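Q: Starting from the known structure of chain A, fit chains B and C onto it as the hints suggest.
Here are the chains, one letter per residue:
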Amino acid sequence: MDTLKAFSRHPSGMLGLVILIVVVALAVLAPWLYPEDPWEMIGRPFAPPFSEGFLLGTDTLGRDVAAGIVHGTRVSLTIGVASTLAAVCIGVLVGAMAGYWGGGIDDVLMRVTELFQTIPGFILAILMVATLGPSIVNVIIAIATVSWPPLARLTRAEFLRLRGREFVQAATCQGERPLQVVLGHILPNAVSPIIVTGSLTIASAILIESALSFMGLGDPNLMSWGFMVGAARTVIRQAWWMSVFPGVAILLTVLAINLVGEGLNDTLNPRNARAGRH
Amino acid sequence: MTHLASGLQGHRVVAVALGILGWAAKFVAVVLVISTMSFLLVRAAPGDPAQVMAGQTGAADEKMLAQIRQEYGLDQPFILQLATHLKRVVTLDLGQSYRQRQPVTTLIGERLPATLLLTGTAFLLALASGILLGTLAALRAGRWSDTLLTVVSLILYAMPVFWLGLMMVLVFSVQLGLVPAFGFQTIGVEMGPFGRALDIGHHLILPAISLAAVYLAIYTRLMRSSVIEVAQQDYIKTARAKGLAQGRIIARHILRNAILPVVTVAGMQAGALVGGAVVVETVFAWPGLGRLTYEAVLQRDYPVLLGLFLVMSVIVILLNLATDVLYRFIDPRVTTQAAG
Amino acid sequence: MNRREFAKLLSAAGVAGATDIAWGVTRAVGQTRGGTLNTIIQPEPPVLVTAINQQQPTLTIGGKIYESLLRYGIDLKPMPGLAQSWTISPDGKTYTFKLFPNITFHDGKPCTAEDVIFSCTKVLTETHARARGTFLRIEKAEAPDPLTVVFTLKEPFAPFINSFDCTTAPVLPKHVYENTDFRQNPANAQAIGTGPFKLKEWVRGSHIHLVRHEGYYRQGEPHLDEIFYRVIPDAASRSVALEKGTVQLTQWTDVEFFDVPRLSKLPNLEMTTKGYEFFAPHLWIDMNNRVAPMNDKRFRQAVAHALDKKAIKDRIYFGLGKEATGPVSSKTRFYEKDVKTYDYSLDKARRLLDDMGLKAGAGGKRATITFLVPPYGESWQRLGEFVRQALGRIGIEVVLQGGDIAGWGQKVSNWEYEMTANLLYQFGDPALGVTRSYATSNIRKGVLFTNMAGYSNPAVDKLFDEAAVATTDAKRQELYSQAQKILCEDVPVVWILEQDFPNFYDKKLKNVITTGIGVHETFGSVSLG
Chain A
0 MDTLKAFSRH PSGMLGLVIL IVVVALAVLA PWLYPEDPWE MIGRPFAPPF SEGFLLGTDT
60 LGRDVAAGIV HGTRVSLTIG VASTLAAVCI GVLVGAMAGY WGGGIDDVLM RVTELFQTIP
120 GFILAILMVA TLGPSIVNVI IAIATVSWPP LARLTRAEFL RLRGREFVQA ATCQGERPLQ
180 VVLGHILPNA VSPIIVTGSL TIASAILIES ALSFMGLGDP NLMSWGFMVG AARTVIRQAW
240 WMSVFPGVAI LLTVLAINLV GEGLNDTLNP RNARAGRH
Chain B
0 MTHLASGLQG HRVVAVALGI LGWAAKFVAV VLVISTMSFL LVRAAPGDPA QVMAGQTGAA
60 DEKMLAQIRQ EYGLDQPFIL QLATHLKRVV TLDLGQSYRQ RQPVTTLIGE RLPATLLLTG
120 TAFLLALASG ILLGTLAALR AGRWSDTLLT VVSLILYAMP VFWLGLMMVL VFSVQLGLVP
180 AFGFQTIGVE MGPFGRALDI GHHLILPAIS LAAVYLAIYT RLMRSSVIEV AQQDYIKTAR
240 AKGLAQGRII ARHILRNAIL PVVTVAGMQA GALVGGAVVV ETVFAWPGLG RLTYEAVLQR
300 DYPVLLGLFL VMSVIVILLN LATDVLYRFI DPRVTTQAAG
Chain C
0 MNRREFAKLL SAAGVAGATD IAWGVTRAVG QTRGGTLNTI IQPEPPVLVT AINQQQPTLT
60 IGGKIYESLL RYGIDLKPMP GLAQSWTISP DGKTYTFKLF PNITFHDGKP CTAEDVIFSC
120 TKVLTETHAR ARGTFLRIEK AEAPDPLTVV FTLKEPFAPF INSFDCTTAP VLPKHVYENT
180 DFRQNPANAQ AIGTGPFKLK EWVRGSHIHL VRHEGYYRQG EPHLDEIFYR VIPDAASRSV
240 ALEKGTVQLT QWTDVEFFDV PRLSKLPNLE MTTKGYEFFA PHLWIDMNNR VAPMNDKRFR
300 QAVAHALDKK AIKDRIYFGL GKEATGPVSS KTRFYEKDVK TYDYSLDKAR RLLDDMGLKA
360 GAGGKRATIT FLVPPYGESW QRLGEFVRQA LGRIGIEVVL QGGDIAGWGQ KVSNWEYEMT
420 ANLLYQFGDP ALGVTRSYAT SNIRKGVLFT NMAGYSNPAV DKLFDEAAVA TTDAKRQELY
480 SQAQKILCED VPVVWILEQD FPNFYDKKLK NVITTGIGVH ETFGSVSLG
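Protein chains in written order, with numbering that gives the first Met the number 0: chain A, 0 to 277; chain B, 0 to 339; chain C, 0 to 528.
It is worth saying that the hints were derived from the structure and are not from the lab. Just so you know, not all the hints are guaranteed correct.
Unchecked claim - Straight-line alpha carbon distances no greater than 30 angstroms define the calculated DSS-like cross-link-like pairs of lysine-lysine that follow:
no.	chain 1	residue 1	chain 2	residue 2
1	C	Lys410	C	Lys364
2	C	Lys339	C	Lys484
3	C	Lys139	C	Lys153
4	C	Lys336	C	Lys76
5	C	Lys296	C	Lys321
6	B	Lys62	C	Lys461
7	C	Lys321	C	Lys474
8	C	Lys444	C	Lys461
9	B	Lys62	C	Lys121
10	C	Lys364	B	Lys62
11	C	Lys509	C	Lys264
12	C	Lys474	C	Lys336
13	C	Lys309	C	Lys296
14	B	Lys62	C	Lys410
15	B	Lys62	C	Lys92
16	B	Lys62	C	Lys139
17	C	Lys173	B	Lys62
18	C	Lys153	B	Lys62
On a predicted model such as this, the values are computed, not experimentally measured, just so you know.
The shape of chain A in the complex, shown without the other chains (with noise of 0.2 angstroms):
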């Protein structure tokens, strides 16, 4: 309660918090704000904004931006949460296998991490989309494989820092199983940070989910930001909205949930507080 108290009295993280709920409530209310499809062309093409009955006008087709954008929350939200959930997963198991045992398997695990810190991770998301196909679960994939390094590098910093700690060390010396001790003792002294680097991580993973559908590596039965970008490039002299307003969406976005992350950060990690987020 003394956190929530305290992050209510961060500005930034709160204005992050009211932009991330509305953002939040328009995915949940969008089947009743537009009904229709977001991909019918309801219009004629390249209406501009305030014209005809659309807010932020019609695209190449005659659909209703303002209801593309809004349709698009789901997407955007549901990829950057899911594909940081799996992100969190694979990087806490690595990490907490490499702190917690030390040794041969974290040198090892700490190289396969190290690599793919090495290998660009946009590219290698490209070329996964590309060669396993762009639906909205190989996308999640993609991004998830290029997202948990950080994750399980900042777990395992924790565990180290924990493990020597006297009251996981009674607990070992008690007999506790190994599992015990990390999911009982560790983990939840290490959840803090992580929540942190994760919410951030939603944030980064929205951007790599909208340049990837800006290149057309997006699921394409998903009306999502980055698409309607992708699509907008080419008649940005036509129809300079349909590249304006959906931009304006992932900024909004992300930026709340940057601003959120660091409110946590300087709530949850008042030790670290201000120290940057690398």
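A: Below, chains B and C without anything else, positioned relative to chain A:
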């Protein structure tokens, strides 16, 4: 005295040589692992490149397919193909492009300068202005200009690179007509080397800024907090107490120490920078490796894809090394040791 | 009278003794000699030898370098090429071509009947899949004298006379290629042909520079001194280059569809969609006829009724094209307009689905179908999105599946698809460009652009077989008309559009589009002013 010095010298030479050897061994290992990984990934995907090549001619039959498969060794067993691939990588032969019928090294070689120019410019731009702006923000911590810088860098950090690029095109090319929107150079106009360089520079402005923006934001924030942190250290307080001039303190003591974490992060971001170049090159039709990647992905041009993946990874490794060297060069502790 | 009309007259008269006509005199009055043409090539071709590579860019540039026996007008009737005259025996089996005298290759050596025979029977049957089908029908090829080529076919094959354009039957120098591996011959880099232009320089990634072939056999040609094909990978940059006059000619998809209306209004530019008649690109929605519910023709007819072709044309292709009515393009020969047509009517579509018992289930859904989006660019993506919405209205849920070219090609050619879209060329004769998509004999697993839908109808097979060997155009028209009527009843695929491609050119440029292969033509008669 002389004897002792040369002995020390010899010791250091050996240490450096060992370091280089170790690094080279690691380098080779990473290259081989990456080659194997990307080969497995690409080959695991569905799709027969022979069919693509045959299909592009507008008509194809079984005979032609068999011919192409044989020509490109696609009829060989999988493991043999992998072995051939690795052997080629070691001898710096990346094979032939399926589509362009040219050596992959040639294709990559043609596109490499454009990418190096773009990423290099963006990298230096981000690093230099990030350090400058971050320092300014730190010195004015709490004032409105600091707040403004913080807000701007937060926004830049949240901006999709491709969208920032498009918005700049919209404003600076479409609306104001100040800079070219797309491309690497003006096509079809003869000009001297100096004019050509200016022309390319003109085309480089928007792509370089787009690519640099997000890193500029990161480095600014990092530099700001780093300067503030260093400024509170005891030795800076001591220097102040000794009555050293403010400017000298900042330049000699604070900056030198504060830059270190920025350089470290810059090295870690190298991979992301190269990845970002792919998107920026797509937006601005910049004829670099990124566009080649995109085209190769669509064409499923295996040899080109594998080659690109490898080359871009190598670029990242080299950038990491460069920042490592830079770090040693700047780090006062390292310098002190060498001098002492 | 311009040269094209003149040439048409010649061929219409079946000229035999026109040997001594000096081609220079037919030049339109006032055509200037000299000058440079700057145009675009995209993507950059892998080689320029059209005999070993038939990708679009190769054909565009190769057309200036390599020639064939004939050319074909906008109406696809044959005109003199390397051959100044020709005769076909009454039994339709013997074709005799008389070459122009003094034809030389770019290396200075003469081009004779031997080179023509070598190219058609030795090289193309080896390297050119489309030509192979035609030239393997040759039983005997003879050269009674250096300027006469006689082909005797195993059996009559009417489209034979339509197979001598420079994209199908380019003539290569025998003295360079004989007894070599044609694909690996080092001379491929130099690209030695007989055309009015020869390769001067190829700077990869930048431009391909062609210059005048001084020894060209048509006096006074070429008018231009040189042609620069500039590689401009980005569509927006291509439009800018055209607007600013850095290039004077664009073709195919150099200019994106959405930019066409804007550029058409520019005062210094001319726009025509002519010059694609030989290819006559035909766009259709492909359905796997083996898979339910697409194995029922009522379902396919319902799809035909549900797709608003005009809206597709206007919204996706910016008006570039003409609604297709059947398997044969109205731009080519043997088109039949009196066939069953399918107007845009959701009611009719729903009724057909009701008839076949495909009732709406929960949520009004009757069936779910996967549409493979062809990975060739944005317009294909938009088309997929359009089809999904249109069929959604009659209760057919369409799921789009994206992918790369290899994946698409593999799935479609191995029949592991339900629905996709396709753009196929007609190649000047139904026997060459239409039969292949519907004949039972061309159902060949693993090969793209065959009868992939798996449609099989013995009546249609018989008509196509007879039409291919019939020797009079009237008889062929009758047979093809019957085939088209049956096909339009069965709708193995839903024909959408006879797609147009814009050629933009500077108004100063004369004689650009004169034949059915348009920009792929030799350009010997093209001039600046």
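Q: Each hint needs a verdict: does it hold in this structure or not?
A: Status of the hints after comparison with the structure:
1. For the given pair, lysine 410 of chain C sits about 26 angstroms from lysine 364 of chain C by alpha-carbon distance, which is consistent with the 30 angstroms threshold.
2. The straight-line distance between the Cα atoms of lysine 339 of chain C and lysine 484 of chain C is roughly 7 angstroms, inside the 30 angstroms bound, and the hint therefore holds.
3. The hinted pair formed by lysine 139 of chain C and lysine 153 of chain C meets the criterion: a straight-line CA distance of about 8 angstroms does not exceed 30 angstroms.
4. A C-alpha spacing of about 20 angstroms is found between lysine 336 of chain C and lysine 76 of chain C, which places the hinted pair at or below 30 angstroms, so the restraint holds.
5. Of the pairs offered as hints, the one joining lysine 296 of chain C and lysine 321 of chain C holds, with about 24 angstroms between alpha carbons and a cut-off of 30 angstroms not exceeded.
6. Distance restraint check for lysine 62 of chain B and lysine 461 of chain C: the Cα-Cα separation of roughly 26 angstroms lies within the 30 angstroms cut-off, and the hinted pair is therefore satisfied.
7. For the hint linking lysine 321 of chain C to lysine 474 of chain C, the alpha-carbon distance of about 27 angstroms falls within 30 angstroms, and the restraint holds.
8. The straight-line distance between the Cα atoms of lysine 444 of chain C and lysine 461 of chain C is roughly 22 angstroms, inside the 30 angstroms bound, and the hint therefore holds.
9. Pair hint lysine 62 of chain B plus lysine 121 of chain C holds up; C-alpha atoms about 15 angstroms apart against a cutoff of 30 angstroms.
10. Between lysine 364 of chain C and lysine 62 of chain B, the direct Cα distance comes to roughly 44 angstroms. Violation of the 30 angstroms bound is thereby established for this hinted pair.
11. Taken as a hint, the lysine 509 of chain C and lysine 264 of chain C pair is honoured in the structure, with Cα atoms around 19 angstroms apart against an allowance of 30 angstroms.
12. Pair hint lysine 474 of chain C plus lysine 336 of chain C holds up; C-alpha atoms about 17 angstroms apart against a cutoff of 30 angstroms.
13. Proposed proximity of lysine 309 of chain C and lysine 296 of chain C is supported: the alpha carbons are some 23 angstroms apart, at most 30 angstroms.
14. At roughly 20 angstroms between alpha-carbon atoms, lysine 62 of chain B and lysine 410 of chain C fall within 30 angstroms of each other, so this suggested pair holds.
15. The hinted pair formed by lysine 62 of chain B and lysine 92 of chain C meets the criterion: a straight-line CA distance of about 27 angstroms does not exceed 30 angstroms.
16. For the given pair, lysine 62 of chain B sits about 23 angstroms from lysine 139 of chain C by alpha-carbon distance, which is consistent with the 30 angstroms threshold.
17. Restraint check for lysine 173 of chain C and lysine 62 of chain B: the C-alpha separation of about 24 angstroms stays at or below 30 angstroms, so the hint holds.
18. Annotation: proposed proximity of lysine 153 of chain C to lysine 62 of chain B holds, straight-line Cα distance about 22 angstroms (limit 30 angstroms).
Checked against the numbered hints above, the structure violates only hint 10.
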